[in-house]
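What follows is each chain in one-letter form.
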Amino acid sequence: AQKVTQAQTEISVVEKEDVTLDCVYETRDTTYYLFWYKQPPSGELVFLIRRNSFDEQNEISGRYSWNFQKSTSSFNFTITASQVVDSAVYFCALSEPRLDDKIIFGKGTRLHILP
Amino acid sequence: DGGITQSPKYLFRKEGQNVTLSCEQNLNHDAMYWYRQDPGQGLRLIYYSQIVNDFQKGDIAEGYSVSREKKESFPLTVTSAQKNPTAFYLCASSMRRAGAFYEQYFGPGTRLTVT
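Those protein sequence lines, which keep their order, are chains A and B. Numbering follows the numbering used here, with no gaps: position 68 of the first sequence is 71. Numbering follows the numbering used here, with no gaps: position 104 of the second sequence is 188.
Next comes chain A alone, as it looks inside the complex:
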């Protein structure tokens, strides 16, 4: 069965520090998709990134970067020079096309950026 594990329940860092959120997934399929979403205190989930299983290139978007490693089934998310506005719950998620495109979410990591 597919599964997404975010072992870090809660993380607190001081503003301007770098922080990495871990995500480990399990799947038997060779084709799958991975996602990260941000949920600020307002509650709405904001889509951050999608990767497919055939593209292991790391991606950088401003202060955000993602490290996808199939060998360790991990898709980690790093925020560089964190800011208070980065405080939120972050969800990693997995989808397999054979499952009607349903997304399986991890339980989330609550990130506190302290001023």
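Hints in this document: simulated from the structure, not taken from any laboratory. Any given hint could be a false lead.
As the list claims (entries may be wrong) - The calculated lysine-lysine pairs, modelled on DSBU-like cross-linking and capped at a C-alpha distance of 35 Å, are: (1) A/Lys73 <-> A/Lys19; (2) A/Lys41 <-> B/Lys167; (3) A/Lys110 <-> B/Lys141; (4) B/Lys141 <-> A/Lys6; (5) B/Lys98 <-> A/Lys73; (6) B/Lys141 <-> A/Lys105; (7) B/Lys167 <-> A/Lys73.
To be verified - Examples of chain A residues toward chain B, derived with CB under 8 Å: (8) Ser45; (9) Arg53; (10) Phe57; (11) Phe71; (12) Lys105; (13) Ile106; (14) Gly109.
Using N, Cα and C, we set each Cβ at its ideal position, and we do this for glycine too.
For chain A, the structure is supplied; the task is to place chain B on it using the hints.
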């Protein structure tokens, strides 16, 4: 502006009453989804619909019902049979094309409290 709207943001009901949560999208997305989120938990899929007039049960469909009479609308009814209805409910939508998969976009959510 394209997006997903959910109304109302907060909803209060007495135990034993059915309540319907609204979800509308103007993104021209084919698929729509309903999730439930409990404190400190990830998202759990209630129902989803890939085309008009068709929908499937998710992981926790008991005590809920949906309809998909129009592409842009996917209302969720929380019935009196749902044992623990108090939760945060999120609606999402995504494009679907043969051989391709797209991320889900979320509405702002409805926080339902049943007493």
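Against the structure, the hints come out as follows:
| no. | hint | result |
| --- | --- | --- |
| 1 | A/Lys73 <-> A/Lys19 | holds, 30 Å |
| 2 | A/Lys41 <-> B/Lys167 | holds, 29 Å |
| 3 | A/Lys110 <-> B/Lys141 | holds, 21 Å |
| 4 | B/Lys141 <-> A/Lys6 | holds, 19 Å |
| 5 | B/Lys98 <-> A/Lys73 | violated, 49 Å |
| 6 | B/Lys141 <-> A/Lys105 | holds, 11 Å |
| 7 | B/Lys167 <-> A/Lys73 | violated, 40 Å |
| 8 | Ser45 | holds, 7 Å |
| 9 | Arg53 | holds, 5 Å |
| 10 | Phe57 | violated, 13 Å |
| 11 | Phe71 | violated, 15 Å |
| 12 | Lys105 | holds, 6 Å |
| 13 | Ile106 | holds, 6 Å |
| 14 | Gly109 | holds, 6 Å |
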